[in-house]
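Chemist: Below are the chains, spelled out letter by letter.
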Amino acid sequence: MLSNTDLQTLFLTFKVASFATFLMLLLGTPLAWWLARTRSAWKGVINAVVSLPLVLPPTVLGFYLLILMGPTGTIGQITHWLGLGTLPFTFAGLVVASVLYSLPFVVQPLQTAFASIGEQPLEAAATLRASPLDTFFSVIVPMAKPGFLTATILGFTHTVGEFGVVLMIGGNIPDKTRVVSVQIYNHVEALEYTEAHWLAGYLLAFSFIVLLLLYTTLKTQPVTHQLK
Amino acid sequence: MLITTFQRTSIIVALLLFGQSGWSATVLVAVAANFSKPMTDIAAEFEKETGHRANLALGSSGKFVSQMENGGPFEVLLSADEKGPEKLEQAGLTVPNTRFVYALGKLVLWSTMPDYVDNQGKILSTGDFKHLALADSKLAPYGVAAVEVLKNMKLFDKLQLFFVQGENIAQTYQFISTANAELGFIALSQVLENGKIANGSGWIIPDNLYAPIRQGAVLLKNGAENPAALALLEFLKSAPALAIIKKYGYALAQ
Amino acid sequence: MSPPITARFLLDYGDFTLNVDLQLPGTGITVLFGHSGSGKTTLLRCIAGLQHASQGFLEINGVIWQDSHRKLFMPPHKRALGYVFQEANLFSHLTVEGNLQFGLKRIEKKTDAIAFQEILELLGINHLLKRMPSRLSGGEQQRVAIARALLLKPEILLLDEPLAALDLKRKREILPFLTNLHQHLAIPVIYVTHSQQEMAQLADTLVILKDGQTVVSGPLSETLSRLDTPLIQDYEANTVWPATIIEHESGYYLTRVDFHGGTLSLPLITAAINTPIRVQIYARDVSITLDSPTNTSILNVLSANIIGLSDNHRGQMVVQLQIGKQILLAHITLKSSLILNLKIGLAVYAQIKGTSILN
Numbered sequence: 001m002l003s004n005t006d007l008q009t010l011f012l013t014f015k016v017a018s019f020a021t022f023l024m025l026l027l028g029t030p031l032a033w034w035l036a037r038t039r040s041a042w043k044g045v046i047n048a049v050v051s052l053p054l055v056l057p058p059t060v061l062g063f064y065l066l067i068l069m070g071p072t073g074t075i076g077q078i079t080h081w082l083g084l085g086t087l088p089f090t091f092a093g094l095v096v097a098s099v100l101y102s103l104p105f106v107v108q109p110l111q112t113a114f115a116s117i118g119e120q121p122l123e124a125a126a127t128l129r130a131s132p133l134d135t136f137f138s139v140i141v142p143m144a145k146p147g148f149l150t151a152t153i154l155g156f157t158h159t160v161g162e163f164g165v166v167l168m169i170g171g172n173i174p175d176k177t178r179v180v181s182v183q184i185y186n187h188v189e190a191l192e193y194t195e196a197h198w199l200a201g202y203l204l205a206f207s208f209i210v211l212l213l214l215y216t217t218l219k220t221q222p223v224t225h226q227l228k
Numbered sequence: 001m002l003i004t005t006f007q008r009t010s011i012i013v014a015l016l017l018f019g020q021s022g023w024s025a026t027v028l029v030a031v032a033a034n035f036s037k038p039m040t041d042i043a044a045e046f047e048k049e050t051g052h053r054a055n056l057a058l059g060s061s062g063k064f065v066s067q068m069e070n071g072g073p074f075e076v077l078l079s080a081d082e083k084g085p086e087k088l089e090q091a092g093l094t095v096p097n098t099r100f101v102y103a104l105g106k107l108v109l110w111s112t113m114p115d116y117v118d119n120q121g122k123i124l125s126t127g128d129f130k131h132l133a134l135a136d137s138k139l140a141p142y143g144v145a146a147v148e149v150l151k152n153m154k155l156f157d158k159l160q161l162f163f164v165q166g167e168n169i170a171q172t173y174q175f176i177s178t179a180n181a182e183l184g185f186i187a188l189s190q191v192l193e194n195g196k197i198a199n200g201s202g203w204i205i206p207d208n209l210y211a212p213i214r215q216g217a218v219l220l221k222n223g224a225e226n227p228a229a230l231a232l233l234e235f236l237k238s239a240p241a242l243a244i245i246k247k248y249g250y251a252l253a254q
Numbered sequence: 001m002s003p004p005i006t007a008r009f010l011l012d013y014g015d016f017t018l019n020v021d022l023q024l025p026g027t028g029i030t031v032l033f034g035h036s037g038s039g040k041t042t043l044l045r046c047i048a049g050l051q052h053a054s055q056g057f058l059e060i061n062g063v064i065w066q067d068s069h070r071k072l073f074m075p076p077h078k079r080a081l082g083y084v085f086q087e088a089n090l091f092s093h094l095t096v097e098g099n100l101q102f103g104l105k106r107i108e109k110k111t112d113a114i115a116f117q118e119i120l121e122l123l124g125i126n127h128l129l130k131r132m133p134s135r136l137s138g139g140e141q142q143r144v145a146i147a148r149a150l151l152l153k154p155e156i157l158l159l160d161e162p163l164a165a166l167d168l169k170r171k172r173e174i175l176p177f178l179t180n181l182h183q184h185l186a187i188p189v190i191y192v193t194h195s196q197q198e199m200a201q202l203a204d205t206l207v208i209l210k211d212g213q214t215v216v217s218g219p220l221s222e223t224l225s226r227l228d229t230p231l232i233q234d235y236e237a238n239t240v241w242p243a244t245i246i247e248h249e250s251g252y253y254l255t256r257v258d259f260h261g262g263t264l265s266l267p268l269i270t271a272a273i274n275t276p277i278r279v280q281i282y283a284r285d286v287s288i289t290l291d292s293p294t295n296t297s298i299l300n301v302l303s304a305n306i307i308g309l310s311d312n313h314r315g316q317m318v319v320q321l322q323i324g325k326q327i328l329l330a331h332i333t334l335k336s337s338l339i340l341n342l343k344i345g346l347a348v349y350a351q352i353k354g355t356s357i358l359n
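Protein chains in written order, with this note's numbering: chain A, 1 to 228; chain B, 1 to 254; chain C, 1 to 359.
These are computed hints drawn from the structure, not numbers from a lab.
Think about it this way: if two alpha-carbon atoms lie no more than 25 Å apart in a straight line, the pair counts; the simulated DSS-like pairs of lysine-lysine are:
1. A/Lys145 x C/Lys130
2. C/Lys130 x C/Lys171
3. B/Lys138 x A/Lys176
4. B/Lys130 x A/Lys15
5. A/Lys176 x B/Lys130
6. B/Lys221 x B/Lys83
7. B/Lys130 x B/Lys151
Since this is a predicted model, take the numbers as computed values, not measurements.
All chains should be built: construct the whole structure from the sequences, respecting the hints.
Modeler: Spelled out as structure tokens, the structure:
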């Protein structure tokens, strides 16, 4: 069975993933919108930058974040100047790192969803007195719903499963940065296989149920129709 | 193929050694992260002396033990503790009577800031640091030793809140070297260059504050028939190897 | 007093330039007619503000929607217009009712329930309210789109080839609704099409565009019969006359109608006396004689004066004829024209072989 410490790590993991997913949707939506619609020469550059975490091994990314967010790093100096201290070994730091790490998993489905909507519904909405912002919430968001669901699922699960980055910047602090992936790994390293199996089992079961629920809701949505 | 003079010479030397020892072989060694620097030097000496080659895999002892339990390929284990080799021995994965302590690890309290850590560790009770880095005591013997030091100094409860724990001693070093943690406990071997602490400031923890970190080596079943594996274990006890071990700040087992 | 609609736009795309300066009436349907690439849709989009012309001035019923000299550009969602796209462009995530309500929710002067019902009936979509757009035929979708635009009580209704994406059967299904609109709407309508049929049936005012420029603009029958349009050489060249039913000759299956300049016998029309109709006469169906023809099977022979002649240099002449207040076009061969020695001012007889009734 699970010890209290293990339960704590499970709870903390979902907390990190929820915060990170929320932030990623907040940041990723305008970013994906811009990427889906811009003809700017910067599109390629920004697309590449957003996708970079896919290329870097997580521990390497984590190592650079440790340096960047540290007292001598650029981000560290900014957060220090803002009176936030430095981010490594904090819950906020973990969330920030997760956002950077999982952002492509949120941006890409959204970008695809936005791009497939096209110009026509936007123009129709404009001729029906809807301002651009109004159009975004009353037309784009509902039409891109499957994209949002996919983005949420991928962003959340990818953050839950994240390990390398956390290992590098977490510091394994109970209740703050000790997440489930690291805890499982620690159990294995400490040769506590039974505990590792239990925790991994719980993580798998829980994640499976969440994914199953999300995908079944997704399936019962009316199929999105192209405009005729 | 272009063969440089150096390569040609090496080949000739190797051929000579081959004639001398009768057989030149390669041994695959799992080395605890804290021992990576000295072992690299020892491996070079070993090749020069015996003609055998030692391929080094660096990592955490715990991981190596799990890998061996599941059919890992290593022939010799140089662990950071005695627990790992013992566990493998109980599992019947080692060659009997080959286990011994090859070095005693030393702990240092270190910071990148010059003059930050004093030579009595008073900084631990007076400093206003935010993070104290140490290896996870569940995973790393250096972490166990660090906890022991703090308990002996009656500072454990007070300082526990400031802990940031590395998965192994190498990661703990990263926390401190990137200044994310102001100071922390690591292996002396990690910061020692030419017999002294190269950067920042440090306090070599006196032996009376923690039980010696006994690092155990063992011959694994995979290497039972490998002359290079046997030779390496012998070489670790030889004078040239012991000199290197000492140079990197380890004590020798009695 | 300034005209109800003034539209001046200059839009340069490099390979295409739209350059128009139009004054249009405040009622009736103005058809923007031209081949694809003539700039008619671009002009409509400029009026809607969907395309931002670098230089432009647009005034609708005294309100200035755009004036580049004053850096004024009202965004599309602030313009009191209704727009119907070539493809119905319904929101796929909303029901028909949701689509209709979308614009309604966003206007200040609410459309009352009666007007709502009237528009649904006018377009025959009452029974479709609960359906999703994907479950509608193309024609039904387009009718919903028209209703959605009308419910906004726009100052002007803009239609961009609303029938182009439909097959002939659907076109026939919608045209009567559009003709109906014509009689019920008090607002100006601008209608883009490349179909002569739709143009002849719907236009009150005709604007012909070519390569981004206005070729001619004016009332329909006048504009159609002008010799300086690219249309008159076309096989489909025609004139459209407004007329009124005066008598049914049921025994002959004929109806007599009155136009400004005489009467015509047409195949029986099932409509009441005094109903206004449009009669379309193709230039290819008109022949010319110098003497009053006797013993001819052709019922409609009208005395006319030649007021214009145009040679297409491929053996064909277009003859422009004045009949009362109306103008008629006739396509004849160059040879006939020379044999008959046709000249401007000559009095002749026009024989009309066939007619079409447009509504």
